[in-house]
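Novice: These protein sequence lines map, in sequence, to chains G and Z. Per the numbering used here, the very first residue in the first sequence carries number 1; after that it's consecutive. Per the numbering used here, the very first residue in the second sequence carries number 1; after that it's consecutive.
Note that these hints are calculated values from the structure, not bench results. Note that this is a predicted model, so its numbers are computed, not measured. Please note that a few of the clues may not be correct.
[Claimed, not checked] Selected chain Z positions facing chain G (in silico; Cβ < 10 Å):
1. 14
2. 41
3. 98
4. 101
Using N, Cα and C, we set each Cβ at its ideal position, and we do this for glycine too.
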Amino acid sequence: NAGVIQTPRHKVTGKGQEATLWCEPISGHSAVFWYRQTIVQGLEFLTYFRNQAPIDDSGMPKERFSAQMPNQSHSTLKIQSTQPQDSAVYLCASSLSGGDNQAPLFGEGTRLSVL
Amino acid sequence: GMPVEQNPPALSLYEGAESGLRCNFSTTMKGVQWFQQNHRGRLITLFYLAQGTKENGRLKSTFNSKERYSTLHIKDAQLEDSGTYFCAVESNNYAQGLTFGLGTRVSVFP
Numbered sequence: 001n002a003g004v005i006q007t008p009r010h011k012v013t014g015k016g017q018e019a020t021l022w023c024e025p026i027s028g029h030s031a032v033f034w035y036r037q038t039i040v041q042g043l044e045f046l047t048y049f050r051n052q053a054p055i056d057d058s059g060m061p062k063e064r065f066s067a068q069m070p071n072q073s074h075s076t077l078k079i080q081s082t083q084p085q086d087s088a089v090y091l092c093a094s095s096l097s098g099g100d101n102q103a104p105l106f107g108e109g110t111r112l113s114v115l
Numbered sequence: 001g002m003p004v005e006q007n008p009p010a011l012s013l014y015e016g017a018e019s020g021l022r023c024n025f026s027t028t029m030k031g032v033q034w035f036q037q038n039h040r041g042r043l044i045t046l047f048y049l050a051q052g053t054k055e056n057g058r059l060k061s062t063f064n065s066k067e068r069y070s071t072l073h074i075k076d077a078q079l080e081d082s083g084t085y086f087c088a089v090e091s092n093n094y095a096q097g098l099t100f101g102l103g104t105r106v107s108v109f110p
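Take the sequences, apply the hints, and build the full model.
Specialist: Printed below as a string of structure tokens:
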């Protein structure tokens with residue numbers, strides 16, 4: 001089991017371009033989480049899916065950010081019109097059900113650099 | 001202020017030494033998780049606690065919901081223990097995800 005797989009590992013975009021980040025959760029895990037990590041803010045929750053349905057996106061910036069989970073094997077985080085402040089490591093995690101006592105397992109993240 | 005505070009921000013240890021990390025929360029939380037972030041950036045789950053104490057090898061963690069803190073104790077530190085340790089707390093509504101502290105950077109020296 002390769003764990004949670006995130007691609008690409010690194011992405012560099014120019015200001016104003018679109019960036020799409022991919023996450024493949026662990027097979028059999030029905031809960032998928034996206035987090036963002038920066039030096040200043042630390043790790044921040046962005047959004048959460050269970051059985052492909054969006055449950056909570058309260059951490060997502062209201063503009064330019066969107067997340068989808070079209071099937072149980074992958075989720076995407078899309079950032080439109082990227083800005084330098086979007087530069088961060090974006091982490092995806094999955095767990096069996098997202099409920100109590102289900103510690104999520106994290107991928108290695110995608111480092112996004114917006115120039 | 002930050003809902004989750006971790007202390008110290010950084011910690012240096014020699015091999016074989018022991019030390020503790022602390023995580024304080026501003027409100028009562030349902031559970032706490034401790035992670036180690038390795039040099040590749042992956043977050044490795046160390047513990048999940050809803051109460052009490054858990055031990056795994058050289059690591060031990062406690063969670064006191066009433067007093068609003070959790071601790072992680074490292075015993076007989078090894079070089080591979082180097083990394084950043086995060087505590088993350090779980091509110092009563094799990095759908096809100098985890099709230100992380102800023103981490104403690106641990107460096108173990110030979």
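Novice: Going by Cβ atoms only, is residue 14 of chain Z closer than 10 Å to chain G?
Specialist: violated (27 Å)
Novice: Would you check whether residue 98 of chain Z satisfies its interface hint, that is, whether its CB is within less than 10 Å of any CB in chain G?
Specialist: holds (6 Å)
Novice: Given a cut of 10 Å on the nearest C-beta pair, is the interface hint for residue 101 of chain Z held or broken against chain G?
Specialist: holds (7 Å)
Novice: With a cut-off of 10 Å on the beta carbons, see whether residue 41 of chain Z makes it to chain G.
Specialist: Check passed: Cβ of residue 41 of chain Z comes within 5 Å of chain G, closer than 10 Å.
Violated hint: 1 only; the structure is consistent with all others.
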